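Here the working numbering is used: the first residue of the sequence shown is 588, the next is one more, and so on.
It is worth saying that the hints were derived from the structure and are not from the lab. Fair warning: this is a prediction, and the values are worked out from it, not measured in the lab. Where is the CB? At the ideal position from N, CA and C, for every residue including glycine. All clues stand as given, with none of them false.
Between beta-carbon pairs, the in silico distance windows are: (1) 598 with 636: 26 to 32 Å; (2) 591 with 671: 23 to 29 Å; (3) 619 with 657: 29 to 35 Å; (4) 589 with 642: 20 to 26 Å; (5) 664 with 629: 17 to 23 Å; (6) 660 with 620: 23 to 29 Å; (7) 642 with 607: 16 to 22 Å; (8) 603 with 654: 27 to 33 Å; (9) 595 with 655: 27 to 33 Å; (10) 588 with 654: 22 to 28 Å; (11) 612 with 650: 15 to 21 Å.
Cross-link-like lysine to any residue pairs, in silico, SDA-like; alpha carbons within 25 Å at most: (12) 667 with 627; (13) 663 with 636; (14) 659 with 612; (15) 667 with 641; (16) 640 with 627; (17) 629 with 670; (18) 642 with 659; (19) 640 with 612; (20) 608 with 649; (21) 640 with 655; (22) 667 with 590; (23) 659 with 614; (24) 667 with 597; (25) 663 with 616; (26) 659 with 671; (27) 659 with 607; (28) 642 with 622; (29) 629 with 678; (30) 667 with 617; (31) 608 with 596; (32) 608 with 671; (33) 642 with 602; (34) 663 with 631; (35) 629 with 658; (36) 629 with 591; (37) 629 with 651; (38) 642 with 658; (39) 640 with 668; (40) 640 with 650.
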Amino acid sequence: DLLFQVMLDWGIELSLPIERKTIDGSEVYFVAGNTLVACFDKFTMNVVDEIAKVKPLRVVSTELAIMHDQDKTNIKERFKQLSSDTEVRFL
Numbered sequence: 588d589l590l591f592q593v594m595l596d597w598g599i600e601l602s603l604p605i606e607r608k609t610i611d612g613s614e615v616y617f618v619a620g621n622t623l624v625a626c627f628d629k630f631t632m633n634v635v636d637e638i639a640k641v642k643p644l645r646v647v648s649t650e651l652a653i654m655h656d657q658d659k660t661n662i663k664e665r666f667k668q669l670s671s672d673t674e675v676r677f678l
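Could you put together the complete structure from these sequences and hints?
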């Protein structure tokens, strides 16, 4: 499973609680509250705005979850504005 692989890559314990929420029609996974947030579905600006509210330490998504290449840059910039300490990574 992609989420568990990301957790292992970042050294996050697999035993931490994972909560699944639906935001703007996309499934979003919250690991240990705001330690890691993952969205492998459509990663829209509405999803970004909702995720940024919890000020996550890390956010991960896939390149397939965004519509255009420039969206990746826009998403990273949006997190800089709303949650500046969040590390954003695309797989």
